[in-house]
Amino acid sequence: MDNLSEALKKLKITSTDSTADSLEGCLDCLLQALAQNKFMRNPCVDAGLIPPLVQLLNCKDQEVLLQTGRALGNICYDSHEGRNAVDHAGGAHIVVDHLRSLCSKTDPASEKLLTVFCGMLMNYSNENDTLQSQLINMGVIPTLVKLLGIHCQNAALTEMCLVAFGNLAELESSKEQFAYTNIAEELVKLFKKQIEHDKKEMIFEVLAPLAENDVIKLQLVEAGLVECLLEIVQKTVDSDKEDDIAELKTASDLMVLLLLGDESMQKLFEGGKGSVFQRVLSWIPSNSHQLQLAGALAIANFARNDGNCIHMVDNGIVQKLMDLLDRHVEDGNVTVQHAALSALRNLAIPVVNKAKMLSAGVAEAVLKFLRSEMPPVQFKLLGTLRMLIDAQAEAAEQLGKNVKLVERLVEWCEAKDHAGVMGESNRLLSALIRHSKSKDVIRTIVQSGGIKHLVTMATSEHVIMQNEALVALALIAALELVTAEKDLENAQLVQILHRLLSDDRSAPEIKYNSMVLICALIGSGEYSGEAASQDLCMQYSSLLQLNTEHVQTQCDWFSVNNGCRQKGSVHYDSIVSICSVKDEAVNSVLDINCRNLPLASVGCS
Numbered sequence: 133m134d135n136l137s138e139a140l141k142k143l144k145i146t147s148t149d150s151t152a153d154s155l156e157g158c159l160d161c162l163l164q165a166l167a168q169n170k171f172m173r174n175p176c177v178d179a180g181l182i183p184p185l186v187q188l189l190n191c192k193d194q195e196v197l198l199q200t201g202r203a204l205g206n207i208c209y210d211s212h213e214g215r216n217a218v219d220h221a222g223g224a225h226i227v228v229d230h231l232r233s234l235c236s237k238t239d240p241a242s243e244k245l246l247t248v249f250c251g252m253l254m255n256y257s258n259e260n261d262t263l264q265s266q267l268i269n270m271g272v273i274p275t276l277v278k279l280l281g282i283h284c285q286n287a288a289l290t291e292m293c294l295v296a297f298g299n300l301a302e303l304e305s306s307k308e309q310f311a312y313t314n315i316a317e318e319l320v321k322l323f324k325k326q327i328e329h330d331k332k333e334m335i336f337e338v339l340a341p342l343a344e345n346d347v348i349k350l351q352l353v354e355a356g357l358v359e360c361l362l363e364i365v366q367k368t369v370d371s372d373k374e375d376d377i378a379e380l381k382t383a384s385d386l387m388v389l390l391l392l393g394d395e396s397m398q399k400l401f402e403g404g405k406g407s408v409f410q411r412v413l414s415w416i417p418s419n420s421h422q423l424q425l426a427g428a429l430a431i432a433n434f435a436r437n438d439g440n441c442i443h444m445v446d447n448g449i450v451q452k453l454m455d456l457l458d459r460h461v462e463d464g465n466v467t468v469q470h471a472a473l474s475a476l477r478n479l480a481i482p483v484v485n486k487a488k489m490l491s492a493g494v495a496e497a498v499l500k501f502l503r504s505e506m507p508p509v510q511f512k513l514l515g516t517l518r519m520l521i522d523a524q525a526e527a528a529e530q531l532g533k534n535v536k537l538v539e540r541l542v543e544w545c546e547a548k549d550h551a552g553v554m555g556e557s558n559r560l561l562s563a564l565i566r567h568s569k570s571k572d573v574i575r576t577i578v579q580s581g582g583i584k585h586l587v588t589m590a591t592s593e594h595v596i597m598q599n600e601a602l603v604a605l606a607l608i609a610a611l612e613l614v615t616a617e618k619d620l621e622n623a624q625l626v627q628i629l630h631r632l633l634s635d636d637r638s639a640p641e642i643k644y645n646s647m648v649l650i651c652a653l654i655g656s657g658e659y660s661g662e663a664a665s666q667d668l669c670m671q672y673s674s675l676l677q678l679n680t681e682h683v684q685t686q687c688d689w690f691s692v693n694n695g696c697r698q699k700g701s702v703h704y705d706s707i708v709s710i711c712s713v714k715d716e717a718v719n720s721v722l723d724i725n726c727r728n729l730p731l732a733s734v735g736c737s
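Under my numbering, residues 133 to 737 are what the sequence shown spells out, in order.
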């Protein structure tokens, strides 16, 4: 302790007043003290040591610079106070300037100094977003990338650069800077040289956050990373070694991540004939759950536009996915189930694929998972069925008369702990009615207790869900009101419609479809007085002010009629055609947008 106190006194004089030898001796003493006792960091800050140490960074002697960099790195390690002191003294700026000036020098002494300075910046900014942002704004990223390229033969310096990249790569602002460098090329080049698992893992840890950026995804694909990943998969797939299993997972996960970018995905798809796409397909029948998962997620990500979806369905991908699901029906892997269902859902979006997939038995394959208690699986199951029955009347009627399915939907409509499952259940319940326009389907839903959920759905915060509910309820009123009357009354439908019509925030199409439903209800002896008495004349007047042809047409009808709900009437045709067309248009927009959300992991979203 006495030696350290003496060293601190000597270091407080400026470098111009001390010889290099005496400074080195003081720094050695300081380094020894810090190495022996981590609790010495804060006393160094409190003793005012940081400013004179930072001044020493201006010294011309390389040995002094080396020892100073080490001392500052030790003081910053896991010390908030040490980092703040170095920040206030301007130490980081000086070190970054040194990195720039020494970057191209390849002599051993310079490389040693560069390694120490990289380590010092790593300790300085580790897990501190503010200081990391500061370094990024100083332009350290292009310098570090340049260092990696020039000194790739120096293991210690390369490792320190990778750790520094790992510190910085999590910030979004860093990814933008990385995208303007040749980081992808340098990392892939370095990766190809590695044999040891630990070194590959270190590069993987940098690649993963960087690959979240779409520009860098494409750069990595063009630099040949995919070929490296496929080679790792091939070498490790049959191994039971812990390191190989870890490498297999990391490589296949990263492969899926690269497919999240539209450009990188399309480049690898190559019209469905690319070698990479074909290799990924071979993962689906694999015995490895990890490869099954990655393969299914990859297909889901390839299926993000109609052209790709149509090609894949025409070339037998659906059967591969159904075979995969069959392997996971009883006590199966939940993540694989979720991924396969996600892929089938996306493939079912193009209109031309729906009938083909229904003929292939996809609905039956999906219904096998109706017993699942896992929300992510439930969510994708519901979405897949909803996509399949869109504009497919026969399939919608068949599923809508399936009592077990409808009862499960009604149960999930109350899954308040899982908003995604609850919302998707309501949407499928509505879709069964809208696309089948079947009295039998309506009766099944009424008998299963589903009417109250459709009424509640009409109050959703999402306009599309409100619209879907109102169209379904209008069809119920037009086709089978007698059967549903009691449930509609208990759910206070008329009062809810009154609120929707009087609410200034309600969208025009919501008011229009509410009026369609009101008109259908007026024809009921049970509802005629109630439906016509809720200040509707006032709402009628306000609706006329909306410059919307459909709204005004419905208001005109309301003003001169007492209601008509018989099939074949003008009003029934209005419900079935105008409302459904309006609904399908907004539904199409929603589903295309959902399909464009790429998949990287299991989630109820």
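Since the hints were made in silico from the structure, they are not lab data. The reader is advised that the hints may include incorrect statements.
Said to hold, decoys possible - Once the Cα atoms are required to be at most 30 Å apart in a straight line, the calculated DSSO-like pairs of lysine-lysine come out as:
#1 Lys584 with Lys571
#2 Lys618 with Lys536
#3 Lys569 with Lys584
#4 Lys618 with Lys569
#5 Lys584 with Lys618
#6 Lys367 with Lys399
#7 Lys331 with Lys278
#8 Lys548 with Lys488
#9 Lys373 with Lys500
#10 Lys278 with Lys244
#11 Lys399 with Lys500
#12 Lys488 with Lys500
#13 Lys405 with Lys331
#14 Lys325 with Lys244
#15 Lys533 with Lys569
#16 Lys405 with Lys373
To see whether the hints hold, each was checked on the structure:
1. Lys584 with Lys571: 17 Å, holds
2. Lys618 with Lys536: Cα-Cα ~23 Å, so holds.
3. Lys569 with Lys584: 19 Å, holds
4. Lys618 with Lys569: This hinted pair holds, its Cα atoms lying about 20 Å apart.
5. Lys584 with Lys618: Given that 30 Å is the threshold and the Cα spacing comes to 10 Å, the pair holds.
6. Lys367 with Lys399: 25 Å, holds
7. Lys331 with Lys278: OK: Lys331 and Lys278 at ~20 Å, within 30 Å.
8. Lys548 with Lys488: Cα-Cα ~35 Å, so violated.
9. Lys373 with Lys500: 35 Å, violated
10. Lys278 with Lys244: Holds, at roughly 16 Å.
11. Lys399 with Lys500: Violated, because 35 Å separates the two Cα atoms, which is more than 30 Å.
12. Lys488 with Lys500: At roughly 19 Å apart (the allowed maximum being 30 Å), Lys500 and Lys488 satisfy the hint.
13. Lys405 with Lys331: Cα-Cα ~34 Å, so violated.
14. Lys325 with Lys244: 22 Å, holds
15. Lys533 with Lys569: Status holds; Cα separation ~12 Å.
16. Lys405 with Lys373: 33 Å, violated
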